[in-house]
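S.K.: Basically the numbering used here = 1-based index in the sequence shown + 1149.
Read the hints as simulated data drawn from the structure, not as lab findings. Note that the structure is a prediction, hence the values are computed from the model and not measured. A hint or two may mislead.
[Claimed, not checked] Below 35 Å or equal to it, Euclidean Cα-Cα: the simulated DSBU-like pairs (lysine-lysine) are:
#, residue 1, residue 2
1, K1995, K2029
2, K2077, K1995
3, K1317, K1252
4, K1320, K1252
5, K1829, K2077
6, K1865, K1909
7, K1317, K1259
8, K1829, K2029
9, K1197, K1317
10, K1865, K2077
11, K1259, K1196
12, K1196, K1829
13, K1995, K1865
14, K1829, K1865
15, K2077, K2029
16, K2077, K1909
17, K1252, K1314
[Stated by the list, open to error] Okay, the calculated beta carbon distance ranges per label pair:
#, residue 1, residue 2, range
18, R1486, Y1506, 21 to 27 Å
19, F1354, R1486, 54 to 60 Å
20, P2059, A1570, 20 to 26 Å
21, L1609, D1761, 21 to 27 Å
22, D1761, V1583, 40 to 46 Å
23, K1317, G1420, 33 to 39 Å
24, D1283, W2019, 52 to 58 Å
25, G1420, D1862, 45 to 51 Å
26, W1694, F1240, 44 to 50 Å
27, N1851, F2120, 37 to 43 Å
28, F2120, Y1506, 53 to 59 Å
29, A1325, E1460, 53 to 59 Å
30, L1500, E1460, 33 to 39 Å
31, L1997, T2074, 20 to 26 Å
Just so it is clear, CB atoms sit at the ideal spot from N, CA and C, and this is done for glycine as well.
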Amino acid sequence: MAASRYKDKDAGVVISFGGQWVSWSHTAVAYLAFLSALFVGSALHYKKIVQNEWYGYPDEWFPSVSATIGDRYPERSIFMIFIAITSGPRFALVGLFYLLTAKPGRTLPKAVAISGLVRTLTCGGWTYITSTDDHDWHDILMISYIVFTIPWTTGCIALSPPNAKAIKYRKYLASAFFGTLVPLVYFFIHHKVHRVAGAYTIYAFFEWALILLDVAFDAVTALDFDTFEVVVRDVKGASKGANTSSVPTAVLEKEKEKATAGVFSAGFRWGEALDIAADVYHGFVFWSVLTSLGVVVWYFPLWHMGISGYEAFVMSTVTPALLAIRPLRFLIVKNQRVAHLLSLAGLLAYLVEEPVYRLFIVGFGVGMSCLGWAATLYSDSVQPARLEARILAWIIGLLMSSVAKFAWYTNNPIWPIMHAANGGWNGTGLVLAVLAALRFTRRASLQGGNPVEDKSGSALLSAFGIGGLFFALHSLLSDTSTMVLWVWDGYPIRGPVSNVHAWYTIAAMTIGVVAGISRPALVTTWTVYGAGCLGAALLTLYHRWVGYFGALTLAAYLMAISVPLISSASKKNPAVTFGLGFFIYNFLVLFHVWVVAYAFVPGGPLVREHTDWIMITTMLLIGAGVFGLISQQAKSGRKTADRRRAANNHHRKYHLGTLGVLNILFLCANFLRFPTNDYKPHHAEDRLLTAGIWTIHFSIDNRLWSSEYRMRDLIKEMELDVVGLLESDLQRIIMGNRDTTQFLAEDLGMYVDYGPGPNKHTWGAALLSKFPILNSTHHLLPSPVGELAPAIHATLDVYGTAVDVFVFHSGQEEDPEDRRLQSEYLAELMGSTPRPSILLSYLVTKPLQGNYNTYVSSSSGMHDVDESDWDRWCEYILFKGLRRTGYARVSRSTITDTELQVAKFVVPAPAEGGEGGEDAVAAWTAPKELRDRRVPEHEVPEGWRFPAMFRGQGVRGHRYHVFDEPRYYRF
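All chains should be modelled from the sequences, with the hints used to inform the complete structure.
M.R.: Here's what the structure looks like:
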């Protein structure tokens, strides 16, 4: 500690020391807290702190931070003491950095200081509230700490005084910190999901590296604080902006701007921030209304089992064609607020109970939304910066929609199929939408009905580009799980999983947006277009990680090319670029439905199963738009355009900040949805497996509401351990790009196999299981004429016994040859396994007749759950090698058009050490009369019984029907 250089007693200075000692003391005590806990814990409880939920020593041999500082005495106490001591220098460090960087009129130093204080408090929170004390609060505070580390780190870099060494160290340490997160998450997934021995030890090294880097980043302040003496007096003038470095200020400022992507290079204004927030939210509303149209339309052909006529509402998007009428164009452009407010009708539709009227309102909302946005972009096209801000709001609104859908398990909380009963936030969303629309339209239009159009390019080529672009954005990027499911091919997991890896899609989209505004000249080259085409090809042709890498490439390209394509289209005749563009988009929407619904639509067989044709068409259309851009740039001169674009880009920092916030929100939701993989069956003590089959009608109930919550309740109350879901593939525009299985699996605590992906052209078959899925394969059964028949063959670990489960949806009644071939294929597949097996199926046959005798035969080895149940046509449960103990049929209420069938089985214990196993043998060899012997309910153990709540009138429209009670069997 240095002697004070201030001896004037009247000045009140008694002692002084260099401000750098605040940094050094913070660094020393913080490192001492963690390292002392590590040394003491390793010395006293080494094998206990390296033990995790799956493995211990010697597979795992280095402890994680949380295990080290956790619940064991004395290391926990030692750590807490030193962390308490650290808090003093920590608060002082935050305060000194604020004093160093604060200048009149600047908001950023205050924001960084607040993030530093909140970060310090949350550190104390997760330190003193361990996961054992309160797991939820420990995780919330830990996530909050990581979240506030981002603005603290970037803010410190942006506010760094002109000190070349400090700026350099901050850049390196921040890059290392955030770079370490990638392998950290990678090895955590290998430990948590894949249960790889030793993965947690490697994860622990990266976790410790984060601690060291985090503290080291704050230690860099010592290089800045030597300008201070405490009591605080600025002895070098750094807080006034003086440059004590040998490097010129201009060079350092450029280095800081480069390190922070220029986000903090201009002043912060709340008004501008609110403008951007409103614009982005209004973009989110556009995508919410647009994506809801398909799922509302889908309700009608679904119930008509064919074209209903209501499909015409798909054409609601072509309203920009009305802008070809000059008086109307003048009226719309001058009254944009009216058009945008009327578009909010799509959000009000949830208040209407009648499905037909709800469709009318949504169609009107979509039409007004497309018309309003086209008019706004056309009007703002004369001002490049304002136009770019609108386009960014539009495409970041898509990203926000994807984030919201992930948080709501692939439903959008403001869709008209949502309401309070199934998790909707419609009222809140509507209020925010009104406020956003009012602010979005508060500035006067920049041009009226007399066009100021760019004559250097082709409006027709722009229309082609817009049509292909919007279809690709909607069909592939409106939900983060869509492309994940394209490359999904079953267990063991060898590729991405929706609730673990979906952020990669968001990250790729974010990178694409940044590239589109920062490198537009690069984005509009044929080389980059070729990279996008390569990504599309990989996604279409390959599974697992190779296919997903293609998906990420395509996602980044689509978002990047959006900016120049939409910008160019906005400067031309909007009736052509957007009117015709949305017409082409509609053609592609119908095309991508036709490839799977070919058995129900005219001309369907011509495009049967040709998703590859759709992808080729989409990329060719985008290529036409790119060709138009390149031709236009060649005529007008790229340099001039780029110079004008860069002249006023202050809005970008707010858009980039919005992207950062959305990514953080997604990661928070991702953390909360991370699978635990510790699911337990309902009656493990009885070795009971309760299995069900349900055709869920694409998760739309009879009144056009999303039905996941109601399905969840019945599955939970029926205590299902395994359930097969049919008509479950919702990953198309017309179905909302949803995935019901994510919500059901995570809420019910089950493993899930989505089944054949959306690019396999089926209506879907999925499997949920409380038992680990050891292996699963997907099958497309012979269907020479009719719709494809999907099947899942999965092997489950049921109480240590491998049990095969088949989930299958056969072809339709009108195609008898298809169904015959499918019955032979599936019978052979079931007969090929020597393990106990269950079939959960939709067979389209009468009991004891026709193809039934192929499914239930010596070749398959399967038995009917109850062959005396004559009142069946669709759903059947078959089994072999298990002791069936119960069977029930539960009415559907208004959830779907098909009941839930449930069967209970006891899984015989295997022989051990040459003893036992008689029960397992009996399950295979028992004669039919003994196997089918029915008994009253009181003769079976209580754990084998079905819930009593569904007897009589049942609950919520669900009751035991047909027999009016469950049936029980025992031998």
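S.K.: So, against the hints stated earlier in the document, which numbers end up violated here?
M.R.: 9, 11, 16, 20, 30
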